[in-house]
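Undergrad: Assemble the complex: chain U is given as a structure, and chain D must be docked to it using the hints.
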Amino acid sequence: MTTTTPPAPSAPSAAPAAGPWRLARAELLRRTSVRISLVVVALFLLMAAGAPLLSALGGWSPEEFDKTAVDPYLGGSPIGPLGGVSADHWLGVEPVTGRDLIARVVHGAQVSLFIALTATAIVVVAGTAAGVAAGYFGGRTDAVLSRLMDLTMSFPSLIFMIAMMSVARDVNRIALMTAVIGLFGWPGIARVVRGQTLSLKHREYVDAARVGGAGPWRILTRDILPGVAGPVIAYTTLIVPGMIATEAALSYLGVGVRPPTPSWGQMIAESVAFYDTDPMYFVIPSTCLFLTVLAFTLLGDALRDVLDPRSGRA
Amino acid sequence: MILYTARRLLGVAGVLLAIAAVTFTVFYVLPSDPAAAACGKSCSADRLEAIRAQMGLDQPLWRQFADFVTGVFTGRTMGSGQYALHCDFPCLGYSYENSEAVWDLLMDRLPVSASLALGAAVLWLLLGLSAGVTAALRKDTLTDRALMVGAVAAASMPVYFTSMMLIYGLIRVAGLLPYPQYVPFAEDPGHWASNLLLPWLALAVLYAAMYARQSRSSMIETLAEPYIRTARAKGLPRRTVVVKHALRAGMTPVLTIFGMDLGGLLAGAVITESIFGLPGIGRLFYGALSTGDQPVILGVTLLAATFIVVANLAVDLLYAVVDPRVRF
Chain U
1 MTTTTPPAPS
11 APSAAPAAGP
21 WRLARAELLR
31 RTSVRISLVV
41 VALFLLMAAG
51 APLLSALGGW
61 SPEEFDKTAV
71 DPYLGGSPIG
81 PLGGVSADHW
91 LGVEPVTGRD
101 LIARVVHGAQ
111 VSLFIALTAT
121 AIVVVAGTAA
131 GVAAGYFGGR
141 TDAVLSRLMD
151 LTMSFPSLIF
161 MIAMMSVARD
171 VNRIALMTAV
181 IGLFGWPGIA
191 RVVRGQTLSL
201 KHREYVDAAR
211 VGGAGPWRIL
221 TRDILPGVAG
231 PVIAYTTLIV
241 PGMIATEAAL
251 SYLGVGVRPP
261 TPSWGQMIAE
271 SVAFYDTDPM
281 YFVIPSTCLF
291 LTVLAFTLLG
301 DALRDVLDPR
311 SGRA
Chain D
1 MILYTARRLL
11 GVAGVLLAIA
21 AVTFTVFYVL
31 PSDPAAAACG
41 KSCSADRLEA
51 IRAQMGLDQP
61 LWRQFADFVT
71 GVFTGRTMGS
81 GQYALHCDFP
91 CLGYSYENSE
101 AVWDLLMDRL
111 PVSASLALGA
121 AVLWLLLGLS
131 AGVTAALRKD
141 TLTDRALMVG
151 AVAAASMPVY
161 FTSMMLIYGL
171 IRVAGLLPYP
181 QYVPFAEDPG
191 HWASNLLLPW
201 LALAVLYAAM
211 YARQSRSSMI
221 ETLAEPYIRT
231 ARAKGLPRRT
241 VVVKHALRAG
251 MTPVLTIFGM
261 DLGGLLAGAV
271 ITESIFGLPG
281 IGRLFYGALS
291 TGDQPVILGV
301 TLLAATFIVV
311 ANLAVDLLYA
321 VVDPRVRF
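Chains as they are written, first to last, in our numbering: chain U, 1 to 314; chain D, 1 to 328.
Here chain D stands alone, though its shape is the one from the complex:
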């Protein structure tokens, strides 16, 4: 187990490095010259050269990548002489657009995306798992049918569809909620929640539906296992059988999916953020794309990848804890 963890941690580092390399290669071989754009129209050849040097664009690709990786761990000085720019640890470079440090940009936006993802995750786990387990325990009853019909319908609606319906129903027609405007949690928790409620709901509806379906089918499968019959035969109360024996094994597939979903969402839900106008990482990324702001694109991709890798690792380790049949 310890050996496994150590190996996986090494793997995490390798994966991140590989992702950085792939992303770096794909997006830095773009046929664009950000130096010329940064320099403006009346640009002397001299100054253009200096800017290129500062951005590191005069170096070969592998050199740029090596500098980038070094910068992440130790910080680095970009360019030299008059145009030198020091970039502190952890250095992800500077945005081509507004010359802000990418790391600072990301950290500015992270609370928004994290609020969105975590709030939605709480909602969808509560809704999805309780619906799924209830349906499994009452298999083939009216409750089961009704829950599953609802889940199927909800899972069939893309997030922008649900969002538009919610905006139309809850904001335009009923006037119950304000149009979402991000308020930091530290400033006013109440407003933070009420403003995020709509995006949470929009995301949670889709995920809850998928989780309800997944948890129902895996609970039904688990409940049919011989060890459940054994537990029942021993005369354990139904509650104990369900909570202590069935839930643990039945939740493994759900856990896998949860790791992927949460990791993916933490670094920005591009669509949800753009529909509700939330200034999160997804929006930052979308903006960077249209202007070809490569350091930002790379930064967002790496941050998102980090979240996903860490979430996956956590899930794999939890696997063994939750389901004793899984061995490493």
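The shape of chain U in the complex, shown without the other chains:
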């Protein structure tokens, strides 16, 4: 066994050579908004991941009725303050059914976040690749990709998504929803990236690289991609929340996840009818949705500020 070489002695004043990623991380963590957002996102992700555990802890499964928690003489409104908060139900219960709100919210988080994050990943990867290729190579590649983007984007996506979701019957609704949302999302980012690439490729530094003998792969990864990274990150910022919102919208319209499986959008849709008599029922899933979207947005903003070399110099 050889011993590991001790770190080379360095001048005591010199800080360890910091890579750009470490610098970025330090810069990110310096911001209060980032730290708070990270905590919020982490909490919701944990909540989503540990949903079965959490609801077991509370003692209620998300689909379990509790008739004792609602008052049948008051149209089934929850018994207790703030929408039926009690030792049994920490955040109260649903009107009429008496299902536990905590259990439903955490299971809803699982469904909503899984769909949103998976769809985002599909959209960002596909969109950036298509956009850069179309913008940079131009010609036939651009023609084909742009036609495909036009075609996909000309589909009235929400309308088509609703229609497809309502037509499909015996399929895994979560998988279908992820696929459908992802399918219509990519051209948005691809177009933004393409437009940016188009105006970047006539810039002097790209011409210089080309004259210097750099191949297309090198130019794409070294000169174009960093140039479009800002818009991509800014757009992803709008995409994660957008995806969460789309999932919620589909479920809100009743074509998303089927009851009794909860999702935030579906809970909000159900609670709208009670907004007058039991506002807490509306407030709880809405707040979760709002906080998650807000936290992802703030995170994305900070990421963009730190990682986008051009706006960083501004």
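The reader is advised that the hints may include incorrect statements.
[Claimed, not checked] Now the in silico label distances, taken between C-beta atoms and shown as ranges: (1) T141(U) / T230(D): 29 to 39 Å; (2) L23(U) / G287(D): 52 to 62 Å; (3) T141(U) / L236(D): 33 to 43 Å; (4) N98(D) / G75(U): 26 to 36 Å; (5) D276(U) / D58(D): 50 to 60 Å; (6) A121(U) / R63(D): 40 to 50 Å; (7) T277(U) / R239(D): 47 to 57 Å.
[As the list claims (entries may be wrong)] Only part of the chain U face toward chain D is listed, based on derived beta-carbon distances under 10 Å: (8) D66; (9) S146; (10) F155; (11) R191; (12) G195; (13) Q196; (14) Y252; (15) D276; (16) S286; (17) L294; (18) T297.
If you are wondering where the hints come from, they were derived from the structure by calculation, not from laboratory data.
All values reported here derive from a predicted model rather than from experimental measurement.
All residues carry an ideal CB built from backbone N, CA and C; glycine is no exception.
TA: Just chain D now, with coordinates in the frame of chain U:
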């Protein structure tokens, strides 16, 4: 440029045809028999056959599609003999539910959806762009921070959330506005606007927030460009630099998004219309979905697609006008 436009126009036709084909295939291969539904319970085999023929359901799929496309351009006669039904240009077929021409249904509802979309667009452009540009010009000041915090919060609220808050705050608690009820513009412009104000606001809050963020970041990027420095160095007044030089280039990304958003909304904001009970195309579509009214579903999808395609084309052409760096 002219060549480009011509090519794009051809592309538009192709895209619409492709969308029609995809939609047609997806929704006509449904496991349902609208003829049986239209015929009712005590239906003779003879009459069922006639209805199927009238609806064109006895034809192979490609034939139905070809007939449909022909009908759009020239009108067509559906079925024959006693049950023949003439459908005038532009023929999108008849609703299975109430036998009205789909085109007429769409045109009935269009003013509602268009009022909603255009009014909201005016609001959100005014609010969003002025907030975004102001924030960019005062980067890192208190104004900038306050505007962006507001924008981030507003962008995080889904439209039904905002709508419910507005309904609760402005209608239930404050009693400032009536519950929206669509009044045609021609009938009473004042009531038209006051009734639509709430849905406009609900839609505009979300979009304005997104536009403020987008326009701020692209303005900041533009203001850092060398040609802006050049313009400043020449001694141009700040106003000229901002309005004549920076705004033009800074607005290109916003323009892209605006085309998509407006096109998408013109043919119906399904959620907003259903929350506020506005009888627009979105509502028509939602109703058609639950009854499996395929001609209406296809009609709405096609109309929406047309709006989006045309808006996108307009934006692409404007691109070159707005930003001289973009060449075709």
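Undergrad: Taking the Cβ atom of T141(U) and the Cβ atom of T230(D), is their distance within the range 29 to 39 Å?
TA: 34 Å, holds
Undergrad: Against chain D, run the beta carbon of D276(U) and see if the smallest gap drops under 10 Å.
TA: Cβ of D276(U) sits 7 Å from chain D, so the hint holds.
Undergrad: Holds or violated: is there a CB of chain D closer than 10 Å to the CB of Q196(U)?
TA: 8 Å, holds
Undergrad: For the hint 26 to 36 Å, verify it against the beta carbon of N98(D) and that of G75(U).
TA: The hint (26 to 36 Å, Cβ to Cβ) holds, given that N98(D) and G75(U) are roughly 35 Å apart.
Undergrad: Is the distance from the Cβ of D276(U) to the Cβ of D58(D) consistent with 50 to 60 Å?
TA: Holds: the Cβ-Cβ distance is about 52 Å, inside 50 to 60 Å.
Undergrad: Quick check: does the Cβ-Cβ distance between T141(U) and L236(D) fall within 33 to 43 Å?
TA: 40 Å, holds
Undergrad: Quick check on the hint: F155(U) CB to chain D CB, less than 10 Å?
TA: OK, holds: F155(U) within 10 Å of chain D, min 6 Å.
Undergrad: Taking the least C-beta to C-beta distance, is L294(U) closer than 10 Å to chain D?
TA: Where the cut-off is 10 Å and the nearest Cβ of chain D is about 4 Å from L294(U), the hint holds.
Undergrad: Within 47 to 57 Å: is that where the Cβ-Cβ distance between T277(U) and R239(D) falls?
TA: 55 Å, holds
Undergrad: Does the CB of G195(U) sit less than 10 Å away from some CB of chain D?
TA: 6 Å, holds
Undergrad: If you take the shortest Cβ to Cβ gap from R191(U) to chain D, is it below 10 Å?
TA: 6 Å, holds
Undergrad: Do L23(U) and G287(D) keep their Cβ atoms within the hinted range of 52 to 62 Å?
TA: With a Cβ separation near 56 Å, L23(U) and G287(D) satisfy 52 to 62 Å, so the hint holds.
Hint violations for this structure: number 8 only, all remaining hints satisfied.
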